[in-house]
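**Student:** Anchor point for the sequence shown: position 25 equals 25 in my numbering, and the numbering is continuous, going up by one each time.
Treat the hints with care, as some may be off.
Unchecked claim - Restraint ranges, calculated between C-beta atoms of paired labels, are given here:
| # | residue 1 | residue 2 | range |
| --- | --- | --- | --- |
| 1 | Ala44 | Asp8 | 49 to 57 Å |
| 2 | Gly35 | Ser11 | 30 to 38 Å |
| 3 | Glu13 | Leu36 | 31 to 39 Å |
| 4 | Ala15 | Lys40 | 33 to 41 Å |
| 5 | Ser47 | Ala26 | 30 to 38 Å |
| 6 | Val33 | Ser11 | 30 to 38 Å |
| 7 | Thr18 | Arg39 | 26 to 34 Å |
Keep in mind that the hints were calculated from the coordinates and are not lab data. The beta carbon of each residue, even a glycine, is placed where N, CA and C say it ideally should be.
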Amino acid sequence: MLFLTDVDHVSFEKANETRQNNLQSATVSLQVVIGLCKRKETAALISQNRRQSK
Numbered sequence: 001m002l003f004l005t006d007v008d009h010v011s012f013e014k015a016n017e018t019r020q021n022n023l024q025s026a027t028v029s030l031q032v033v034i035g036l037c038k039r040k041e042t043a044a045l046i047s048q049n050r051r052q053s054k
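Whenever a hint applies, use it, and build me the whole structure from the sequences.
**Tutor:** In structure tokens form, the structure reads like this:
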């Protein structure tokens, strides 16, 4: 029975690590998307300012 408890503990730790890795990946992905959106907004504002100044 002790062996099974140890196996469950190892499985729990691996699942925890997997969740942590997934969270980190999702965070990085979200940061990339936010960065791209900011660039797009900046480009749109620059384009709009150029059109208005003509």
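**Student:** Any hints from earlier that this structure breaks? Give me their numbers in increasing order, please.
**Tutor:** Violated: none.
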